[in-house]
Amino acid sequence: MSTLSVSERDPALAHLDCELPAGEGWTYELERGAVLRIVDLHGNQAVDTLFFDAHDYANRYSAVDTLREQGSAYLGVGSRLLALDGEPLVSIIADTCGRHDTLGGACSQESNVVRYGAHTRHMHACRNTFLAQALRWGRGLDKRDLSANVNFFMNVPLTPDGGLRFADGISAPGRCVELAAERDTLVLISNCPQLNNPCNGYDPTPVQLLVWSQA
Amino acid sequence: MQTDATILDFVLPAGGSLSRVCHRASALTLTDLQGGANVCALLYRAEDPLERYCMPDTLKAQHLARLTAGVALYSDMGRVLASIVRDSCGWHDTITGHTTPALLAARWGARSYQQARNDWRQSARELLLVELAKHGLGRRDLVANVNFFTKVAIADDGELTYEMGNSSAGATVTLRFELDTLLILAATPHPLDPATEWSPRPVGVRIAPARPPAEDDPVRGACPENERGFAASEEALR
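Protein chains in written order, with this note's numbering: chain U, 1 to 215; chain D, 1001 to 1238.
Just so you know, these hints were derived from the structure itself, not from any lab.
For clarity, every value in this text was computed on a predicted model and none was experimentally measured.
Note that CB positions come from ideal geometry on N, CA and C, so glycine has one too.
Any given hint could be a false lead.
Residues from chain D that face chain U, not an exhaustive set, calculated with beta carbons under 7 Å [said to hold, decoys possible]: (1) PRO1056; (2) LEU1064; (3) ALA1069; (4) GLY1070; (5) THR1096; (6) THR1100; (7) ALA1102; (8) ALA1105; (9) LEU1160; (10) GLU1163; (11) ARG1206; (12) PRO1209; (13) ALA1222; (14) GLU1225.
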């Protein structure tokens, strides 16, 4: 899944167009048929994203079902992001990056301590953003609902001997990915604040989010 | 590993499931009795099941895409729930999930209790959810599981392929618990198992006392990340 596919969708026709700074979150209900474009404005940013069936939050994105059914460890054009019920929530319909991770998870203060040491305990982290977004959204959404996420634009290569590493990003300024909602889908984004990981060049940057209400 | 005073020793029948709190200073040994077994496993911290096995944190802390001896299983709160202290297989999958009712029906055909009595076909999803429900847990608690005895090979381009013959009769894996852990098991085929017949396998389940990890424990010392993960587990005991 490394095919690149450019979208011709016109930003002038988008009904939402906003910039999301690093370290901030965004919660949005995509109606079936809507398209979300995420633009990596400055390159090598990680955009940690959760997906839920908008009418049944327990039926959420499942990375392992998605990877197994597509037979590949990375996401790209043509990937259908499956919920626990085995049916797609969203599909990747355009992509100028080439590869997106869904095994690296979202950073948290607790995992930062494990990975980088006790001095990172109080640094900002994606799972704090997810929790703050869930609390603001309400409707019963809480930590229990934080499971597998996608890391758009992040490069986490696996190796045939069972290794995994966090590599320099393969994204670049202006690269983007487009998702079409296959059903009404709640999207939570944390624009990753990580300062300790080479994936984003130790420099978290803003991303642009656009939504077209009809495909 | 101490061998005295076995806490539990039985055969989990093919297609069977189990939920049980396994305490710190005990170890679980699973034995693939016939070869070709797959055991789906989920782990939750017994005193607060909101804290649970976290595949991404486990893999990224140790820079791994597979589980084997020397690997710690992390919770989503930065603590080590359990460690794989012995393994005759070399590769246990944790990135390709488990069977669902739809998948089972499509691949192998459904068989109801009415048709087959206790040889009915239950997917791992159904078994795991029923075991979770016994502890007040449900779909929201369902996260990526471990597939003991199964290897799904990863090619350079990311292609995933089920590997035949990863586990032979007599293969064992031993998991030592570093915190009191609610363990959920289901002995059901892996969803990518190419067998044309639905053929779950029985597994030996033995739980025995085990020494808590010493300062020079090989799993603790495998990487600086594990030193910190073990320290976090031990801090929670104080």
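Here is how each hint holds up against the structure:
1. PRO1056: Hint holds; PRO1056/D Cβ to chain U Cβ min 2 Å, cut 7 Å.
2. LEU1064: holds, 6 Å
3. ALA1069: Status violated, d = 12 Å.
4. GLY1070: With a closest approach of 12 Å, the GLY1070/D hint is violated.
5. THR1096: holds, 4 Å
6. THR1100: Holds - the Cβ of THR1100/D comes within 7 Å of chain U, reaching about 6 Å at its closest.
7. ALA1102: Hint holds; ALA1102/D Cβ to chain U Cβ min 5 Å, cut 7 Å.
8. ALA1105: For ALA1105/D, the interface hint is violated, since the closest Cβ of chain U sits about 11 Å away, which is over 7 Å.
9. LEU1160: With Cβ-Cβ at 5 Å, under 7 Å, it holds.
10. GLU1163: violated, 11 Å
11. ARG1206: violated, 26 Å
12. PRO1209: violated, 27 Å
13. ALA1222: Since chain U brings no Cβ nearer than about 13 Å to ALA1222/D, farther than 7 Å, the hint is violated.
14. GLU1225: Holds: closest Cβ of chain U sits about 5 Å from GLU1225/D, inside 7 Å.
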